[in-house]
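Listed in order, the protein sequences are those of chains P and C.
First residue of the first sequence: 1, per our numbering; consecutive thereafter.
First residue of the second sequence: 1, per our numbering; consecutive thereafter.
No lab work stands behind these hints: they were computed from the structure.
You can trust all of the hints, since none of them are fake.
Computed, partial: chain C to chain P, Cβ under 7 Å:
{"id": "1", "residue": "35"}
{"id": "2", "residue": "38"}
{"id": "3", "residue": "39"}
{"id": "4", "residue": "42"}
{"id": "5", "residue": "46"}
{"id": "6", "residue": "190"}
{"id": "7", "residue": "191"}
{"id": "8", "residue": "192"}
{"id": "9", "residue": "194"}
{"id": "10", "residue": "198"}
Residues from chain P that keep clear of chain C, each with C-beta distances beyond 12 Å, as calculated:
{"id": "11", "residue": "47"}
{"id": "12", "residue": "87"}
{"id": "13", "residue": "118"}
{"id": "14", "residue": "131"}
{"id": "15", "residue": "158"}
{"id": "16", "residue": "186"}
{"id": "17", "residue": "215"}
{"id": "18", "residue": "227"}
{"id": "19", "residue": "289"}
{"id": "20", "residue": "295"}
{"id": "21", "residue": "351"}
{"id": "22", "residue": "359"}
Glycine is no exception: its CB is placed at the ideal position from the N, C-alpha and C atoms.
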Amino acid sequence: MNTRNVGLRTFSLRRRVTLMVILVVGVALLAMAFAVQTAFQLQSARELDRKVEAKLAQLDRVVKVRILHPTDFSAKYSSNGVTVVVRRPDRKLFNYNGEVDSIAELGGRVQLEKPVGFGYSVILLTDSPEPAQNRLRNVLLLVGLGTLGLTVIVLVVSIRLALRPLEVMAGLSRSIALGDRGRRLAPIRTNTELGRTAVAFDQMLDALEGAEAHARASEQQTRRFVADAAHELRTPLAGVQAAAETLVRLGPGAQQDDVERMQVMMVREARRATRLVEDLLALAQIDAGLELRFEAVHLLGLVESEVERLSLLAPSLDVEVSGDDPVVAGDPLRLGQVVGNLLDNARRHASAEGVVHVRVTRYPQHVELVVLDNGPGVPAAERERIFSRLVRLDTARTTGKAGAGLGLSIAKGIARAHGGDLACVEPPAGHRGAAFRLVLPVTTAQDLPTAPIPAVTP
Amino acid sequence: MTRVAAVFQRLFSLSPENGPVSEPARVLVIEDAETIRIAVLAALADAGYAVAGHPDGATLEEELQQFRPDLVVLDVMLPGRDGFALLEVVRRRSEAGVVLLTARDAVSDRLRGLHGGADDYVVKPFELEELVARIGAVLRRLRRVPSVVQVGDLVIDADSGVVLRGSEQIEVTATELRLLGYLAAQRGRVVSKTQILTGVWGYDDYDPNLVEVHVSALRRKLEAYGPRLLQTVRGLGYVLRADES
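Please put together the full structure from these sequences, using the hints given.
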């Protein structure tokens, strides 16, 4: 088989999507953290400014009223993130806890130093913004990483769930490849991407398995036919061989009787083999498509000439022909073969004082030809099977009158090539023999083709 | 001379009730299909058996007494009494082996035959060679086939390849032994060159000169110790026969 490759790019869907989402979420988180941080800084700076201004305004009002002890002063006015440090004229520094050695040891940020008279000045210290900012950064980092981690987990799980149908498809493909035919995905929803893929997949399987089953069936049929044909051919050939060998063995002292019997057997078996080969060729031709030369055929006339031929073979057989004489479009040689095979079959199975009825009837839509013998008949269960190739019914129907069983298959093939059909039917009331009904399409004069109609393969 | 001694021992010690050992085994064929019967009889005669045939079992009892077969080939599907009924008769009235010809490839038929005392069966359609081989096997099992054949003062043991004329051993080639074995199996019966050719060399070679060359070589060796045994029958062929005169 010719294989053309698409060269499908098969990156890992899961890894690619995960990476992309991590990248996007990470960038988004970073940007958010940066924005929050900046806003916080701006906000806290503005807040401090406001606090310092408010403190200054407060101090402006109070300093002029009374001077407390520096420690008390600091304690009273330090609040709300602003520490008031008092510098005495002796340059000593006090905060709400008492004297301090230097500003530096208090931490915080010096916003301004303002003299308040009498050599005193106040220094406004605000808490350093770093710890708060650090806390914020830590929180942001933690939340960000947490979000990222959660995203990854959710993503991996949901991608796995989302891709599970693909795994199912892959698993099904593998099991089908290993010979487990007949299974299908049968998606619940067909309007999704995976649903459509699954439907396409199932359709492909239907097509492949249908073709495979068909090929296998016809191959099997061919094989069985070849085996049957070989088996059927072996019998007459073995007969010829046995007769010939016996002739040699009988030698010079043989009885003339025995010798002649063997010679007759050789001829008979050889003729049987020849007829079988001819029938097999005819069947092969029907299979390949018969080339029919259509012309107007008078069916009753055709039957009568076949009956005449039959009367030479079986003078004791009583054949009665009756009915209309319709004209059908057909290949006279092939239709003659059909009628001949039916009559042959009837002759073989009719009883000793054989009677065969042939009746031709013209109906509005079709023409019917029924051949009825007075033999043992065909059981209803076998009526389909007798048209299979090389089938012989067991016991009485064929004992001693070996037909290869191809005549009926050939007749049916020809009937179908004519657009008609051949079937073994229930004999009419009062009869117990086998009844065969040939149906052909009815033809009027203007229907008759001038050129051969292309053959129909049955 | 131990091999020769063995041949003599076999020649004189086997189954006294069946008469002289060098007598060929006797096979009766009961088969209604004439062509099959003729073919089977011809093949058995060719293999060296004394044969008789009948289309039915009507005269079976008489044949068992008069023809005294060592083996009976019975078709199962027969007019009148069928093969199974005849099998019982053979079993009751004689020691003969029985080979059945069963038309149907039905296990029940074969089992019925074997349970009824048949020694073997062949399913139709059969190869003649197979039937002859199976008959030979049954006869050997029943010890009714002499491997030693005597014609006049000539003794042939095809199994050990020993050929004696009187008390003298004759050295023969493998082909000559086969030719002599074939002629000995057909002893007393005229066989044509073609029959010898197909019987000894098969159907694939066809050179009548083979027969003449080997026959004259064999004659030279045999006639070194006595009168002619391998006779020419003008226009017909040859026969291995001890002249009584």
